[in-house]
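Model the full structure from these sequences, guided by the hints.
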Amino acid sequence: MNEPVKLAVVGAGLIGRRHAELIAAEPEARLVGVVDPAPVGRELAHKLGAIWRANLGDLLAADRPDGVIIATPNRLHVANGIEAIAAGVAILVEKPIADDIATGETLVAAAERAGAPLLVGHHRRYNPMIQKAKAVIDSGRLGRLLMVHASFWTMKPDDYFEAAWRSEPGAGPVLINLIHDIDLLRYLCGEIVSVQALESNAARGSAVEDSAAILLRFANGALGAVTASDSVVSPWSWELTAGENSDYPRQDQTCYQIGGAQGSLTIPQLELWSNPLRRSWREPLVRERIPFVPDDPLKIQIRHFCDVIRSRAEPIVPGREGLATLKVVEAVKISARDGAMVRIEEAPARRR
1 MNEPVKLAVV GAGLIGRRHA ELIAAEPEAR LVGVVDPAPV GRELAHKLGA
51 IWRANLGDLL AADRPDGVII ATPNRLHVAN GIEAIAAGVA ILVEKPIADD
101 IATGETLVAA AERAGAPLLV GHHRRYNPMI QKAKAVIDSG RLGRLLMVHA
151 SFWTMKPDDY FEAAWRSEPG AGPVLINLIH DIDLLRYLCG EIVSVQALES
201 NAARGSAVED SAAILLRFAN GALGAVTASD SVVSPWSWEL TAGENSDYPR
251 QDQTCYQIGG AQGSLTIPQL ELWSNPLRRS WREPLVRERI PFVPDDPLKI
301 QIRHFCDVIR SRAEPIVPGR EGLATLKVVE AVKISARDGA MVRIEEAPAR
351 RR
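1 is the number of the first residue of the sequence shown in our numbering; add one for each residue after it.
I should point out that these hints are in silico values taken from the structure, not numbers from a laboratory. Backbone N, C-alpha and C define an ideal beta-carbon position, used for all residues, glycine too.
Ranges between beta-carbon positions, derived for each pair: (1) A203 / R279: 37 to 43 Å; (2) A163 / N245: 16 to 22 Å; (3) A225 / N245: 21 to 27 Å; (4) N2 / G339: 52 to 58 Å.
Derived SDA-like pairs: lysine to any residue, alpha-carbon spacing no greater than 20 Å straight-line: (5) K327 / R186; (6) K134 / I290; (7) K156 / G243; (8) K156 / A213; (9) K299 / A25; (10) K132 / V293; (11) K327 / D338; (12) K134 / A324.
The structure is reproduced here in structure tokens:
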């Protein structure tokens, strides 16, 4: 049998802790290190029986793993990634791949030159529910896609912002949260070719938005409306509906609606609505629940990362896919700043 893949986690915050705990419980992998200069990093490493290092360079020099998961603040992703690539280590970098396209391109180019695997942590693509939704859409049961609606409405508590970087440029719900939703809409419905957006910081008054409203145009002609806020008390977000993370109280509500000429699909319920005989608002609607077997997408992602490191699989979300999603999010930020529609292929570099 193959030895477990040696993995380390860089960053011991909320998502880094989850990665570390899942690696420690995964038979295909072994947690060999936790990198974080804060006491929480040392405590996590001790709890899980791994080596603790204050910086990535020390880990790579003395305890080189097969792969690292980079779960540091967004602004550090590229520097951490390039450091790992230079050591010949595979990386899975949390989203967004970078703060901006230019630096993200630098990371992707470095990985391609080195022949090092680079995955981006858009883990929702691994969710069996999303895989089944993708299969339904690709089967043509919805007909031609026409409309998409997505909501990320939630209330982040005040203590969430005790980490100062979450209120600084490079953070905000569009880059931290909505990027996952944008990635799924690209995955499920096709490429996005233009956006028009509004942002507001009226609720929290910080240097980043707390609310946003976005119009999307897809390459296949479908239109979308996406709204996001981390300051609204509501049940309508992936976090509160998908049941992906037990830290959030699950609600029996939808976060996405995908509509076509032959039917519509809700997510996460996977309810397919259609007319059985003739398409008409005067005809009865039939609701079909599409079955799937739930599983933790973060756990599946770690297993996939191990398979990629062992050359058993190609990355499901390679660096260039992460860049494509980031390009849409950059266009959202540019549109909100300039008050104009932005075509994705024409999106200029975002001024920092």
